[in-house]
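Peer 1: Take the given structure of chain A and dock chains B and C to it, following the hints.
Chains as they are written, first to last, in this note's numbering: chain A, 1 to 138; chain B, 1 to 503; chain C, 1 to 139.
Calculated directly from the structure, the hints in this document are not laboratory data. Take these hints with a grain of salt, some might be off.
To be verified - Pairwise CB distance ranges (calculated):
1. Phe19/C <-> Val17/A: 40 to 48 Å
2. Trp16/C <-> Ser196/B: 52 to 60 Å
3. Leu64/A <-> Leu202/B: 24 to 32 Å
4. Lys62/C <-> Ser3/A: 48 to 56 Å
5. Ala89/C <-> Thr150/B: 52 to 60 Å
6. Leu202/B <-> Leu78/A: 23 to 31 Å
7. Pro54/A <-> Trp16/C: 26 to 34 Å
8. Ser10/C <-> Arg100/A: 25 to 33 Å
9. Ala53/B <-> Thr58/C: 52 to 60 Å
10. Pro469/B <-> Val17/A: 24 to 32 Å
Glycine included, each C-beta is placed from N, C-alpha and C at the ideal position.
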Amino acid sequence: MESLSALTIGALAGIAVYLFLARDLPRVLIGFVLLGTAANLSIFAAGRIGPFVPPIVEPGMAALAAEAANPLPQALILTAIVIGFGLAVFALMLVVRAQRTFGGVDHSGLTEAEPADSDARAAAPPDSFRPAAERKAA
Amino acid sequence: MLIVAPFLIPLLAAIATALLRSHLGAQRTIGVAASAALLASGLALAARTSDGAILVSAMGGWALPFGIAIVVDLFSAIMISIAGLMALAVSIYALGPGAGRRDRAGFQPLFHALMFGVCGAFCAGDIFNLYVWFEVMLIASFGLLVLDRTREQIDGGVRYVVLNLIGTTIFLIAVGLLYGQLGTLNFADLARVAPSAENQGLLAAIGVMLLIAFGAKAAVFPLFNWLPAAYHTASMPVAAIFAALLTKVGVYAILRVFTLVFGHDAAFFGPVFGAIAAATMVTGVLGAAMHYDVRRILSFHIVSQIGYMIVGVALMTPAALAAAVLYVVHHIVVKANLFLVAGAIRRESGSFALGRCGGLWCAAPVLSLLFVVPAFSLAGLPPLSGFWGKLAVIRSGFEAEAYLLAATALAVGVLTLYSMVKIWNEAFWKAAPVGARVRPWTRRERVAVYTPIAMLACVTLTIGVWVEPFAALAHTAAESLLDREAYIAAVLGADRALAEVAR
Amino acid sequence: MNPSPILRLSAPMLLWLSFAVSIYVLVRGHNEPGGGFIGGLLAAAGVLFYAIAHGAATARAKIRLSPSVYCAIGLAIAAASGAPGFLTANGDYLDHVWWFVDIGSTLPLGTALIFDLGVYVTVFGTVSALFLALVGEEA
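Only chain A is shown next, with the shape it has when bound in the complex (with noise of 0.2 Å):
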């Protein structure tokens, strides 16, 4: 059982990482998704598999049963999986948002926060900063 899961965690992981090396973004967004559910996982494992009962208090009971599983874990990816999907939720709008502004999910197309031609743009080199022959040429 622990290596079938360290097998699911490693391959959920491995799909992750190939989507991030992808050039449009909803794929890089998914990629986000499954790693997400490589760590949940991998939190799962960590408290603990077996066949175990859920861990919720029987009435009439004071404790869980010894069989139970441990809930920790369990509180702990609730959590993870809540905020997961709040930030996968506004990745995508941003996702949606960058399709509707620059035309297209291709992030090789977004180079307007760092522009590879700085020459062109208004951040290139004050005057005293270039030779004088380019200067005069300018």
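Peer 2: Only chains B and C this time, still in chain A's reference frame:
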């Protein structure tokens, strides 16, 4: 009640400003008042912890180490105070140019949500809680970064979001592995069991994963690329608060976790941090040297300065950690102030590009003087705060016989001066470009822009000329960071026996 | 977008049905699986259906307040539920305070329920805000 104030105040401010959506005036009043209250709560906590005391609260009444611990020691209190000071400066500055558009887009609730996450992270007593605060901070910062929804911001936002998402997921995986290895997530309990863990190799691997996660947040080499790609696109108050606090939360997490949980393994992590610190200092300052946009120069300098703070964890001596604490305080004030000045340069000359500014020495002499204070402090000239910060870092380097690290820190200081002189020459000293026309300032803009800049410059000067109390506080904070037994005793206390039984 | 007549007609019913189920799930969460988060999601799912069928603007009008206001109200409720904790012996924020009301059998009411209600409203507000923004983008 005081111990929850640092995150309850921003939370209530975020709620109130979100409810008062159309009343921009009321939002701004609440914003400034809440920031002042946050500063006051931080100072009160610092007064309570200045003798090295550690305040603990178990939220919801669950016994520690199982419940959610809120722990404030002197280092946390210092960070909360300085975060409050930044919040105050930035919320005053945000009343200035562009306030109407910014506030209608929802700046105030998001800003306080960001402070909620930042201050929560400073109070967190367990590592999963720290993760949750990171995410609160991250979601708020996403919203703030793309506030104006310009093309540039969406592009910068995508870079920021993707890299931070990967970073936090790695953090989450590391938390899971840590729990699997040690069976606890409370910092104090982790510090108690980590030295005696069976598989120290696996523990070190988990530490490296955490280092990647925190390093991406703190923008250390080689994980800093998102920062200069994104920060300069944000609107100026947002960039200032990001520059002041976001990376420093990463630094805080590194200082906290690698002293408390991995402190016993300093022999392994010390050289790693040393290499990271040197590479971060050098790449940051070289990146700044090749840029001619004020915001991008300053963004790269954030990266460079983070290296100085990491030196503290690399050496792990009381003097080095005290230097790191002092440096963090100095750097937050100075860097936020430089971003605020950059906003004023833009307002005065119409551009962030050095080629298009000029003549500010004549046009705005007060601004020029106010720029000199943080700029020379950043470069480390006496008698400003940066001098003492750099002196402490470099001296602790020599004392620990880390000559290469200390020499790097010295050389990087000189290159920092080059960048600052570049801004000075281009924006302030050279003649104004022909045909530059500036919309006259309104009185309100002038007050909103100059008050926080002058306030932060005064703080820098005060630390510079009257450094003893600050250095003494930093020293106490560093000693309590290294005193793991005191932290464990303060948090677990009587419940320590319980933790033993449960395992 | 061109929703089918079936969806258009069933959306209002689904909206109220999901609200009813969500309240049930919220209260059930007291002692059994359920709770504020899942309840809020269910309620927001009803709004999503409505928005797909009748457009984001109509759905926005249907829930009257802006989603972000719901979010703020929910956070306020959750934050306020922690305040009674200051009065307990430990004096820690968010400490549970209970009232055992006797109505034939004992009805345990506590600050945990108020907190859960806050989570419910927050999640409802946040998730509807995200859904409505995405549906609005689509149109």
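Peer 1: Within 24 to 32 Å: is that where the Cβ-Cβ distance between Pro469/B and Val17/A falls?
Peer 2: violated, 50 Å
Peer 1: Kindly confirm whether 48 to 56 Å is satisfied by the beta carbon distance between Lys62/C and Ser3/A.
Peer 2: holds, 51 Å
Peer 1: Is it true that the C-beta distance of Leu202/B to Leu78/A lies inside 23 to 31 Å, as the hint says?
Peer 2: holds, 26 Å
Peer 1: Would you say the C-beta atoms of Ser10/C and Arg100/A sit inside 25 to 33 Å of each other?
Peer 2: This hint holds: roughly 31 Å between Cβ atoms.
Peer 1: Is the distance from the Cβ of Phe19/C to the Cβ of Val17/A consistent with 40 to 48 Å?
Peer 2: Holds - the Cβ-Cβ distance for Phe19/C and Val17/A, about 42 Å, lies within 40 to 48 Å.
Peer 1: Trp16/C and Ser196/B, beta-carbon distance inside 52 to 60 Å?
Peer 2: holds, 58 Å
Peer 1: Measuring from beta carbon to beta carbon, are Ala53/B and Thr58/C in 52 to 60 Å?
Peer 2: holds, 58 Å
Peer 1: Given the range 26 to 34 Å, decide if the beta-carbon distance of Pro54/A to Trp16/C lies inside it.
Peer 2: Holds, since Pro54/A and Trp16/C (Cβ atoms, about 31 Å apart) stay within the stated range.
Peer 1: Verify the CB-CB distance for Leu64/A and Leu202/B against the hinted window 24 to 32 Å.
Peer 2: The hint (24 to 32 Å, Cβ to Cβ) holds, given that Leu64/A and Leu202/B are roughly 29 Å apart.
Peer 1: Does the hinted range 52 to 60 Å hold for Ala89/C and Thr150/B at CB?
Peer 2: Holds - the Cβ-Cβ distance for Ala89/C and Thr150/B, about 54 Å, lies within 52 to 60 Å.
Violation of the numbered hints given earlier is confined to hint 10; every other hint is satisfied by the structure.
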